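Since the structure of chain C is provided, determine the placement of chain A on it from the hints.
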Amino acid sequence: MNGKFPPDLPVITETTFSIPANGEAGPSKLSDLINQYKMPMWVDEIRIAATGYADFFSLFSFTSTRILFGRYPITHDFVPTGVLAPRWPGDGHVVIRLHKPLYVTPADLPVPMMRSTVALTIRFSLVGRLATPLPSNAKIWVPYITSFNGTSVAVGTKSKQQSKLTDLANPFRSPLTVRFFIGRRTMTTASVDAGTINNQPSMKLRMSNHLGRPVVRDPTPFFDVFNVRDQAWAVNSVLAPGGYFLANVDVDATSATEDQLFNIGMFGYREERIQWST
Amino acid sequence: MELLDIEEFFADSYPVVVSDSIDLDEGENKQLDSQALSNFFDTPMVIDEVRVQIQSPDVELQAANYGGSVRLKMSAGRHALSSTYVPVGCLGPTFDGGTRDSTSFQAGIYSPESILAGEILPFHLGFFRWKLPRPLVVLPGTPLETKISRQVEGLSQIYPDDTTVSVNVAYAGRVTKKHLQRGQTVPVPYVGLFENVFTSASVATSGQLDLYNPFQSPLHVQRLIGRWQNIYLDSSVPDLSFISLDANGIYGDTQIDFPPTQIRTFSGFSVTNGFIPGLSIWEANTRSFPVNINLERGEGFQVTIDATGGLPSTQAEGSLYNGSNASLVTMVGWRNEIL
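Going line by line, the protein sequences match chains C and A. Numbering-wise, the first sequence is residues 1 to 278 according to the numbering used here. Numbering-wise, the second sequence is residues 279 to 617 according to the numbering used here.
Isolated chain C (complex conformation):
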């Protein structure tokens, strides 16, 4: 810190961009995400909001997001927006709270790209504090979000779906601290995942890890695994390099009134070295 600014001065930066229907877009002005002091900052929250958006519908069901941080991915390609963070009421706002803040410099910004089936205007914000510049090659924590995306199960049918080995995996050479899983389900037309409890189809999950050890041993109802309020399951465990979780989801939509869809996200952190000298 050059001594001119108060330590830990809170800062918030924000950029807005539009996504066309069935299109993909990202910010055109990345400079908006650089704080006004041109200093490094610790990002405590990454926020994604859809402006003027009705709150009943979930962004999860028809948008997906990819965030790159220089050469480090924060998401595993495009993941459904709804699995970026635990759900809060009033969807249309996703807040990724970083328990291990992300060190961001003007040369290194998290860059989002989003896809959507409907036209949206997105506000992407970084909330944090000014940081004392770290020496080059210092270690930082970088978040990582990946997902297992189910295929739609039609009304009156059943389906057994298994994740690929690369879906809920640690692709890095360092351990991944898995903070939580997020499980979201949606009806493809109404797009409300918690919705009403009655008239929901059976959706059960089994999960094991790369060593064959059971994580969720018996087929367990979705909302017994993922808290019905925020659709999150806090795990706080470490996944070895190359390790993965294997999820098996059994969907019984024989009594459902709408086609069923689900997504399971995995949120964690790994250590990396900062990319640019500050």
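Quick caveat, the hints were computed from the structure, so don't treat them as lab data. Keep in mind that the hints are not guaranteed to be accurate.
Unchecked claim - Just a few of them, taken from the derived set where beta-carbon distance is under 7 Å, the chain C residues facing chain A:
id, residue
1, 9
2, 10
3, 12
4, 36
5, 47
6, 93
7, 95
8, 123
9, 125
10, 250
On a predicted model such as this, the values are computed, not experimentally measured, just so you know. Built from N, CA and C at the ideal position, the CB exists for glycine as well.
Just chain A now, kept in the frame of chain C:
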């Protein structure tokens, strides 16, 4: 003296809740029973949460969230917990405390703390919680003085015979068996308020005495909370009237887009890069902006709200009465004091 390690001192404590209820009409100021809300044990107590439940009058409002109207001014002994009467909806981040339809578990579309009970219950229930940024230590016999007030919302003009809200305030905490000497240094929570009633689409700026540290010791600011109260009155169809936080419109199906806001410190440092949309600061789930900064004595935040782009509607066509729009910004934190 060193700062008391609260968790260590209260490690063998047992839970306790003290509470009191009161009825409030529009414009009333009252004080809750200090004896009921005191530490009546002979050992220290620590308060973890302040909980408020508001039951609306028996009316058929579209939405009733009194979190901006009902306010608390709190102190514990000689230590003030709030600068003034602070809306109960602005003490802590919002949470999903209620539903739009009481028969289902859907997230609240608006007025998230209110349950619109409709045919099931003839009133609205609002739940508000302030999880204190640091637990508040209360010595034996110390009264928790809680003054409560309610705005003049204008609803009594629409429903003249049915305007009383019932409020219950509870302090939830723990009691230990150990004794504590006076003179210990403990954290004491504090909340300051900047409020502006917008009578027109204009710009409002907080004053020097709104969101600042009035104490001799540094104030650690945990967060800023920003909410918007919208009161809509319809004398022709009273049921379409509502009082809500952060919601808008007939049937309240959209969130209010909080006007563009700029935040600076008193020393001139920008927190926001100019004016940015309010919902980018007060993120729409919790209406909270994490700050985590120490303010020295006299230091504070200046918040400027630019509502020149327009305001949510407050009056139905042909209605005899007009509601209001108000921005409510609070600063929540704690400072160290000697017991």
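Outcome of the hint check:
no., hint, in the structure
1, 9, "6 Å, holds"
2, 10, "5 Å, holds"
3, 12, "5 Å, holds"
4, 36, "5 Å, holds"
5, 47, "5 Å, holds"
6, 93, "4 Å, holds"
7, 95, "5 Å, holds"
8, 123, "5 Å, holds"
9, 125, "5 Å, holds"
10, 250, "23 Å, violated"
Violated hint: 10 only; the structure is consistent with all others.
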